[in-house]
Amino acid sequence: MASRFGFGAIFIKLAIIVSVFLALALGLLWAYQEKLLFFPMRAESLSSPNDDPYARRTPTRMNISHRLENLAAMYCETGANILIVDYRGYGKSEGSPSEEGIYKDADAALTFAKQNQTVGKNIFLFGRSLGGAVAIDLAHRRGSEVKGLILENTFTSLEDVIYDLLPGLRHVRCVISALQRMHLESEKKMREINLPTLFISGRSDKLINPLQMDRLYEACGSPLKEKVDIEEGGHNDTWIEGDEAYFMKIKDFMGRVLHLSAEPDGSEKGKKLPTGEDQQASRIIF
1 MASRFGFGAI FIKLAIIVSV FLALALGLLW AYQEKLLFFP MRAESLSSPN
51 DDPYARRTPT RMNISHRLEN LAAMYCETGA NILIVDYRGY GKSEGSPSEE
101 GIYKDADAAL TFAKQNQTVG KNIFLFGRSL GGAVAIDLAH RRGSEVKGLI
151 LENTFTSLED VIYDLLPGLR HVRCVISALQ RMHLESEKKM REINLPTLFI
201 SGRSDKLINP LQMDRLYEAC GSPLKEKVDI EEGGHNDTWI EGDEAYFMKI
251 KDFMGRVLHL SAEPDGSEKG KKLPTGEDQQ ASRIIF
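For what it's worth, the UniProt record's numbering labels the leading residue of the sequence shown as 1, then goes sequentially.
Derived from the structure by calculation, the hints contain no laboratory data. In this text the structure is predicted, and so the values were computed from the model without any measurement. Glycine included, every Cβ here is placed at the ideal spot set by N, Cα and C. Possibly wrong hints are sitting among the right ones.
[Stated by the list, open to error] The calculated EDC-like cross-link candidates involving lysine to aspartate or glutamate, where the alpha carbons are at most 20 Å apart (straight line), are:
(1) Lys206 / Glu241
(2) Lys92 / Glu77
(3) Lys92 / Asp107
[What the hints assert, rightly or not] If you anchor each label on the Cβ, the simulated ranges turn out as follows:
(4) Asn194 / Lys114: 25 to 31 Å
(5) Pro167 / Ile240: 28 to 34 Å
(6) Ile16 / Gly221: 30 to 36 Å
Kindly produce the complete structure, drawing on both the sequences and the hints.
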């Protein structure tokens, strides 16, 4: 009997210890979940915005300095002007990032582009990774103000990313859902978006399951949607693996959308694809 009671006491102690650690872990998850998603890097070496031709917005774990080569290639290959801003807390942007905050940053970027008298009205939204969720949210709310949407290696929802990376957490789904402040539910919003949309999927992405891009494509309510699969493309190097074809697909997509929007009935007859000044007037917001 004594040994049985002794075993029971040990079990109770272990249960208490496990419960305390679990409660502590869940408490930290609740308190610091923004810090688990956003890893902003400050850009102390960057010059002032007046000296920098790029306004900046970037994905998790970096600032714009990591993407200048990509942006230069995008500009040279597509001819599109580019507006890209750092989220709050990234680069030299002030504040701390949050789901609501980065949506407001996107609003500010679009409003700035529309109010700038030196640029055209042919605005396209481009979002990669976390930026895809931001672009989808912006298109969902202000789709009538832009021409099209381009998405690369983004996800259906933050919850889906969590369970793909840590499948064991599916067993405590109800607990995770109760603790989540950030949701980034892109798939639900995608069903209500009818903008022309281009999906670019790196099929070798190890961070975000490419099947999530497939689901977004299927959910998209637009009658004009295209998907490009780049088999060797990883999460951040799809543009490198895709090479010139990657940029040409983006350029062709924008040209086709502008061409169709110029036709009163949406037909493809009677006009050439826009070139020169018309194509250069396009804006891309990352």
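Tested hints:
A hinted pair counts as satisfied when its Cα atoms are at most 20 Å apart, and lysine 206 with glutamate 241 qualifies at roughly 15 Å. Between the alpha carbons of lysine 92 and glutamate 77 the distance comes to roughly 28 Å, so the proposed pair goes past 20 Å and is violated. With a CA separation close to 18 Å, the supplied pair lysine 92 and aspartate 107 stays within the 20 Å bound. Range check, asparagine 194 to lysine 114: Cβ separation about 20 Å, and the 25 to 31 Å hint is violated.
As the Cβ distance of proline 167 to isoleucine 240 is approximately 30 Å, the hint placing it in 28 to 34 Å holds. Between isoleucine 16 and glycine 221 the beta carbon distance is about 51 Å. The supplied range of 30 to 36 Å is therefore violated.
When each numbered hint is compared with the structure, violations occur for hints 2, 4, 6.
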